[in-house]
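Novice: Chains as they are written, first to last, in our numbering: chain E, 1 to 286; chain G, 1 to 286; chain V, 1 to 286; chain D, 1 to 286.
Some hints here could point you the wrong way.
Which copy is meant is left open, because identical chains are indistinguishable; a pair holds if it fits in one copy or across any two.
[Said to hold, decoys possible] Computed list of lysine to aspartate or glutamate pairs in EDC-like fashion (alpha-carbon distance at most 16 Å, straight line):
id: 1; residue 1: 117; residue 2: 245
id: 2; residue 1: 117; residue 2: 31
id: 3; residue 1: 159; residue 2: 70
id: 4; residue 1: 185; residue 2: 31
id: 5; residue 1: 185; residue 2: 102
id: 6; residue 1: 22; residue 2: 252
id: 7; residue 1: 185; residue 2: 168
id: 8; residue 1: 164; residue 2: 58
id: 9; residue 1: 164; residue 2: 276
id: 10; residue 1: 117; residue 2: 25
None of these hints come from the bench; they were simulated from the model.
There are 4 protein chains.
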Amino acid sequence: MAIVLGPNRYGKAETRLVRVSKDGDTHHLADLNISIALSGDLAATHLTGDNTGVLPTDTMKNTVYAFAKEHGVAEPEAFGLLLARHFVESQPQVHAAKVAIEAFAWERLGPHSFQRKGDFTRTALIDVSETAVQVVSGISGLVLLNSTASEFHGFPRDKYTTLKEATDRVLATAVDAKWRHLSDKSDWADSFAGATAALTQAFVNTYSYSLQQTLLSMGTRVLESRPELAEIRLALPNKHHYLVDLVPFDLENDNEVFIAGDRPYGLIEGTVTREDVAPASAEWYL
Amino acid sequence: MAIVLGPNRYGKAETRLVRVSKDGDTHHLADLNISIALSGDLAATHLTGDNTGVLPTDTMKNTVYAFAKEHGVAEPEAFGLLLARHFVESQPQVHAAKVAIEAFAWERLGPHSFQRKGDFTRTALIDVSETAVQVVSGISGLVLLNSTASEFHGFPRDKYTTLKEATDRVLATAVDAKWRHLSDKSDWADSFAGATAALTQAFVNTYSYSLQQTLLSMGTRVLESRPELAEIRLALPNKHHYLVDLVPFDLENDNEVFIAGDRPYGLIEGTVTREDVAPASAEWYL
Amino acid sequence: MAIVLGPNRYGKAETRLVRVSKDGDTHHLADLNISIALSGDLAATHLTGDNTGVLPTDTMKNTVYAFAKEHGVAEPEAFGLLLARHFVESQPQVHAAKVAIEAFAWERLGPHSFQRKGDFTRTALIDVSETAVQVVSGISGLVLLNSTASEFHGFPRDKYTTLKEATDRVLATAVDAKWRHLSDKSDWADSFAGATAALTQAFVNTYSYSLQQTLLSMGTRVLESRPELAEIRLALPNKHHYLVDLVPFDLENDNEVFIAGDRPYGLIEGTVTREDVAPASAEWYL
Amino acid sequence: MAIVLGPNRYGKAETRLVRVSKDGDTHHLADLNISIALSGDLAATHLTGDNTGVLPTDTMKNTVYAFAKEHGVAEPEAFGLLLARHFVESQPQVHAAKVAIEAFAWERLGPHSFQRKGDFTRTALIDVSETAVQVVSGISGLVLLNSTASEFHGFPRDKYTTLKEATDRVLATAVDAKWRHLSDKSDWADSFAGATAALTQAFVNTYSYSLQQTLLSMGTRVLESRPELAEIRLALPNKHHYLVDLVPFDLENDNEVFIAGDRPYGLIEGTVTREDVAPASAEWYL
Numbered sequence: 001m002a003i004v005l006g007p008n009r010y011g012k013a014e015t016r017l018v019r020v021s022k023d024g025d026t027h028h029l030a031d032l033n034i035s036i037a038l039s040g041d042l043a044a045t046h047l048t049g050d051n052t053g054v055l056p057t058d059t060m061k062n063t064v065y066a067f068a069k070e071h072g073v074a075e076p077e078a079f080g081l082l083l084a085r086h087f088v089e090s091q092p093q094v095h096a097a098k099v100a101i102e103a104f105a106w107e108r109l110g111p112h113s114f115q116r117k118g119d120f121t122r123t124a125l126i127d128v129s130e131t132a133v134q135v136v137s138g139i140s141g142l143v144l145l146n147s148t149a150s151e152f153h154g155f156p157r158d159k160y161t162t163l164k165e166a167t168d169r170v171l172a173t174a175v176d177a178k179w180r181h182l183s184d185k186s187d188w189a190d191s192f193a194g195a196t197a198a199l200t201q202a203f204v205n206t207y208s209y210s211l212q213q214t215l216l217s218m219g220t221r222v223l224e225s226r227p228e229l230a231e232i233r234l235a236l237p238n239k240h241h242y243l244v245d246l247v248p249f250d251l252e253n254d255n256e257v258f259i260a261g262d263r264p265y266g267l268i269e270g271t272v273t274r275e276d277v278a279p280a281s282a283e284w285y286l
Numbered sequence: 001m002a003i004v005l006g007p008n009r010y011g012k013a014e015t016r017l018v019r020v021s022k023d024g025d026t027h028h029l030a031d032l033n034i035s036i037a038l039s040g041d042l043a044a045t046h047l048t049g050d051n052t053g054v055l056p057t058d059t060m061k062n063t064v065y066a067f068a069k070e071h072g073v074a075e076p077e078a079f080g081l082l083l084a085r086h087f088v089e090s091q092p093q094v095h096a097a098k099v100a101i102e103a104f105a106w107e108r109l110g111p112h113s114f115q116r117k118g119d120f121t122r123t124a125l126i127d128v129s130e131t132a133v134q135v136v137s138g139i140s141g142l143v144l145l146n147s148t149a150s151e152f153h154g155f156p157r158d159k160y161t162t163l164k165e166a167t168d169r170v171l172a173t174a175v176d177a178k179w180r181h182l183s184d185k186s187d188w189a190d191s192f193a194g195a196t197a198a199l200t201q202a203f204v205n206t207y208s209y210s211l212q213q214t215l216l217s218m219g220t221r222v223l224e225s226r227p228e229l230a231e232i233r234l235a236l237p238n239k240h241h242y243l244v245d246l247v248p249f250d251l252e253n254d255n256e257v258f259i260a261g262d263r264p265y266g267l268i269e270g271t272v273t274r275e276d277v278a279p280a281s282a283e284w285y286l
Numbered sequence: 001m002a003i004v005l006g007p008n009r010y011g012k013a014e015t016r017l018v019r020v021s022k023d024g025d026t027h028h029l030a031d032l033n034i035s036i037a038l039s040g041d042l043a044a045t046h047l048t049g050d051n052t053g054v055l056p057t058d059t060m061k062n063t064v065y066a067f068a069k070e071h072g073v074a075e076p077e078a079f080g081l082l083l084a085r086h087f088v089e090s091q092p093q094v095h096a097a098k099v100a101i102e103a104f105a106w107e108r109l110g111p112h113s114f115q116r117k118g119d120f121t122r123t124a125l126i127d128v129s130e131t132a133v134q135v136v137s138g139i140s141g142l143v144l145l146n147s148t149a150s151e152f153h154g155f156p157r158d159k160y161t162t163l164k165e166a167t168d169r170v171l172a173t174a175v176d177a178k179w180r181h182l183s184d185k186s187d188w189a190d191s192f193a194g195a196t197a198a199l200t201q202a203f204v205n206t207y208s209y210s211l212q213q214t215l216l217s218m219g220t221r222v223l224e225s226r227p228e229l230a231e232i233r234l235a236l237p238n239k240h241h242y243l244v245d246l247v248p249f250d251l252e253n254d255n256e257v258f259i260a261g262d263r264p265y266g267l268i269e270g271t272v273t274r275e276d277v278a279p280a281s282a283e284w285y286l
Numbered sequence: 001m002a003i004v005l006g007p008n009r010y011g012k013a014e015t016r017l018v019r020v021s022k023d024g025d026t027h028h029l030a031d032l033n034i035s036i037a038l039s040g041d042l043a044a045t046h047l048t049g050d051n052t053g054v055l056p057t058d059t060m061k062n063t064v065y066a067f068a069k070e071h072g073v074a075e076p077e078a079f080g081l082l083l084a085r086h087f088v089e090s091q092p093q094v095h096a097a098k099v100a101i102e103a104f105a106w107e108r109l110g111p112h113s114f115q116r117k118g119d120f121t122r123t124a125l126i127d128v129s130e131t132a133v134q135v136v137s138g139i140s141g142l143v144l145l146n147s148t149a150s151e152f153h154g155f156p157r158d159k160y161t162t163l164k165e166a167t168d169r170v171l172a173t174a175v176d177a178k179w180r181h182l183s184d185k186s187d188w189a190d191s192f193a194g195a196t197a198a199l200t201q202a203f204v205n206t207y208s209y210s211l212q213q214t215l216l217s218m219g220t221r222v223l224e225s226r227p228e229l230a231e232i233r234l235a236l237p238n239k240h241h242y243l244v245d246l247v248p249f250d251l252e253n254d255n256e257v258f259i260a261g262d263r264p265y266g267l268i269e270g271t272v273t274r275e276d277v278a279p280a281s282a283e284w285y286l
């Protein structure tokens with residue numbers, strides 16, 4: 001069997017952009033980490049080092065900065081669409097572009113003063129090909145905890161099972177979620193705020209018998225409240241809080257004192273989707 | 001459109017196992033980080049919190065430790081197969097298991113003394129379903145550098161291109177590679193050593209006109225030398241080494257003094273495959 | 001010259017504690033990372049492995065959890081004092097205890113629901129010896145940025161200087177600060193909130209000609225507004241924002257488009273202190 | 001009490017330098033991460049923003065690169081001395097310079113091909129003032145493990161002690177050590193290799209009743225074998241390997257199956273020194 005080149009892509013990862021825009025003395029800040037990957041007719045450079053079709057990754061970086069000046073940076077989804085379309089439209093050998101953006105939030109402290117927020121990272125993943133456009137938004141690092149209203153029991157037991165059934169436990173997770181939009185036009189800021197609020201409220205309001213149940217509840221709440229979305233993918237680590245055994249010290253522990261564990265951790269992953277929705281045109285999670 | 005549960009899985013991530021085996025006074029060490037994900041008939045727990053089918057992730061962790069004692073830990077691929085098959089075969093509601101392993105190497109210093117090697121991490125990714133078995137091996141964090149024998153020119157220039165053509169540059173990367181085996185039986189240790197040597201030698205021996213060319217060379221060398229492999233996927237960050245401008249100090253810089261950059265970096269990704277090979281039965285990269 | 005044992009200490013580092021306290025249905029959360037180091041008559045274990053004086057580090061961990069139950073966890077400074085005093089008072093061979101605490105903040109979302117805040121980490125460093133008690137509070141990871149009102153010029157130039165003078169630049173830093181209290185009694189929560197507000201306001205309000213000037217302004221503001229403090233130590237990385245050269249693209253860059261750099265970075269460190277204050281009784285920074 | 005400026009310093013941290021030197025077709029590689037901090041008459045910039053004495057940190061970075069060309073980079077200690085002396089001697093307002101270097105090792109694969117070693121990082125810390133010169137070398141991240149020949153018992157028990165006595169346990173640590181030289185002239189490469197070998201051999205050969213005993217043994221071995229050294233400081237995390245309880249699975253665990261723990265961990269710190277040696281002229285650990 002011959003050995004051949006399969007799927008491939010290339011680009012510039014993690015271009016760090018800070019864009020200041022000025023409204024008189026009042027400044028606004030956009031802070032992004034942008035990764036670009038292009039695919040298309042790229043066999044020649046692999047086979048012979050012929051770089052005729054290889055727009056330098058350095059140029060992708062320059063384009064980010066130049067576009068930031070020319071077009072400004074409004075929402076990450078919009079800026080990603082602008083960039084992805086540019087490469088597909090201007091480079092004939094490029095058939096598809098993927099732009100992944102992390103957006104870091106800053107809180108205003110004054111007309112030109114800011115404090116970086118660390119509560120979570122907003123993400124956007126844009127795929128533009130010659131025939132399709134796909135927009136995915138997301139969030140990572142949103143850590144939520146319920147100190148009660150969570151149980152876990154009724155599970156099967158095999159010879160390696162020692163876990164006790166729990167009728168009251170801490171449930172905590174670091175939400176990593178991506179949601180796919182039905183179209184490439186939306187009020188991105190409102191959509192992100194709404195989806196994030198729905199995720200958070202569903203976590204808070206679900207009396208949980210498993211993190212899986214909470215996951216489905218969170219995903220469902222997002223799709224119910226955001227008609228512009230097709231589907232959502234959640235990866236929820238179960239950040240275990242182990243109840244400390246205080247019996248040796250003649251102390252009771254009524255779900256009050258916990259070890260916050262590092263590893264291992266449960267990991268619950270699932271997609272919630274609208275039935276009959278058009279399939280994704282490009283990989284959008286993992 | 002109704003809102004429904006889509007693809008999902010769950011498991012225990014990052015169970016840290018150290019297994020000592022004793023051959024008289026001479027000890028041997030296996031040091032693994034093991035992540036398990038199961039999928040199958042798991043709708044009930046999502047919909048109602050009915051955990052009848054949810055083998056606890058704590059049990060998966062216990063199984064890792066019990067199996068380490070019962071079966072020993074030889075090669076990570078073999079240990080992963082054992083674990084993955086166990087869950088699919090023993091839990092009727094589980095239709096597929098994915099086991100991802102990181103293996104950390106230790107150098108012997110004495111009969112029971114060891115020093116951890118930090119040059120790279122060996123990986124294994126095992127997918128067992130009711131109808132298919134797939135074994136993927138890999139490496140991450142292998143950092144290679146050629147201080148010459150690398151050029152980059154002949155690329156297209158658009159209005160955002162400022163990069164100068166290079167006829168002599170440093171080429172450096174941190175190899176992240178996964179390769180899929182044709183079967184679930186192999187001499188895993190020999191296969192890993194051979195594939196790693198092929199990757200390294202191809203990097204060293206390729207006079208490079210682009211990192212893409214080096215990538216194809218590396219992948220091809222692995223498949224040529226390892227008939228047991230179906231395909232290989234490489235993700236090669238271009239760890240840029242920027243030539244420092246010493247002209248302001250009246251000094252020449254004949255490719256001698258470099259800034260080792262952090263971000264941004266180029267990222268070259270590609271698959272090299274045998275033609276007509278059977279397709280993968282499960283996701284195996286990304 | 002004989003070879004002898006010099007200064008030494010030992011302890012348990014990074015015990016992770018989450019303490020839930022319940023006020024009816026309303027829960028409260030404390031989330032701490034606690035490191036303990038004891039010193040005293042510990043020569044025997046070094047010299048011969050005689051552990052008569054070596055209270056196990058495992059016991060220190062247990063003590064953290066038991067004390068959390070017995071005494072609750074109010075402010076990190078108070079909890080650290082409790083722990084440090086316990087070891088010095090209960091173990092005759094222990095002459096001094098150092099307790100370092102990181103406290104992670106959570107925002108309330110409901111009676112028993114919380115979201116972790118990621119804006120900064122609050123720290124406390126407690127040193128108790130048989131003759132002295134010292135309390136240091138602090139903050140790390142507080143990232144602040146002024147998009148104007150910062151200049152840097154008038155610096156000396158040697159043959160290796162190429163930096164241009166700047167009359168308008170971005171000034172950004174990640175505040176790492178520790179401040180020493182005059183006594184071991186204070187309203188710790190109010191003191192922390194006040195010191196943090198003073199740091200932030202001074203950064204915002206200082207028209208800056210150097211990050212050093214901003215540092216002194218920040219430290220002075222803290223001491224002026226918090227009479228309970230003796231001195232403060234600040235380590236301020238200069239998180240460089242490099243102005244992008246857009247001239248090749250026929251674009252102006254009026255301090256609008258920046259590269260957020262990773263490495264290298266300036267690092268400005270300084271202490272601001274009250275004159276004639278009693279010296280520290282133990283190492284409290286670095 | 002007046003509020004005044006206390007000790008302070010500033011500099012450029014983490015300048016990343018890769019230096020290629022060419023011996024015909026055979027290339028050599030030095031890979032360093034260099035941090036510089038200067039102190040002296042720096043009050044003016046703090047008080048008024050008068051930067052007359054503030055050599056830019058950008059200049060420090062340039063100096064690193066220019067010196068790498070002019071002088072080459074032999075051993076990190078020598079390069080650090082060169083840099084530190086330069087700033088103290090050429091800038092009258094600078095009274096002391098501290099240069100901290102991390103050196104990353106590469107293994108040769110060919111005349112101009114290299115693989116980065118990840119087993120440990122070599123460090124150097126140089127302090128030059130107008131009256132004193134101090135050289136400290138070190139190592140970090142050297143992970144060592146004995147799978148037997150370690151016990152821990154005979155410790156005191158208080159009401160919070162639950163730890164069982166161990167007559168056979170795994171002992172593992174990640175060595176973080178710094179050692180101070182008696183003079184500023186040495187065969188730095190030989191000294192580093194010898195000290196590292198002594199550390200490793202002492203760890204391997206010590207039958208240990210406590211990690212403290214191992215620490216003293218390691219430090220003593222270094223000073224015994226390296227007459228050029230004044231003292232050594234070791235920080236040894238006790239990387240706990242917890243024996244898994246396999247009794248629920250009717251399996252014995254004869255020190256064969258372990259959990260490699262993350263947090264918490266013991267931390268043993270100590271200095272070993274020659275008696276009557278001249279004291280350090282600058283802070284050299286922590």
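Novice: Could you tell me which of the hints above the structure violates, numbers in ascending order?
Specialist: 1, 4, 5, 7, 9 and 10
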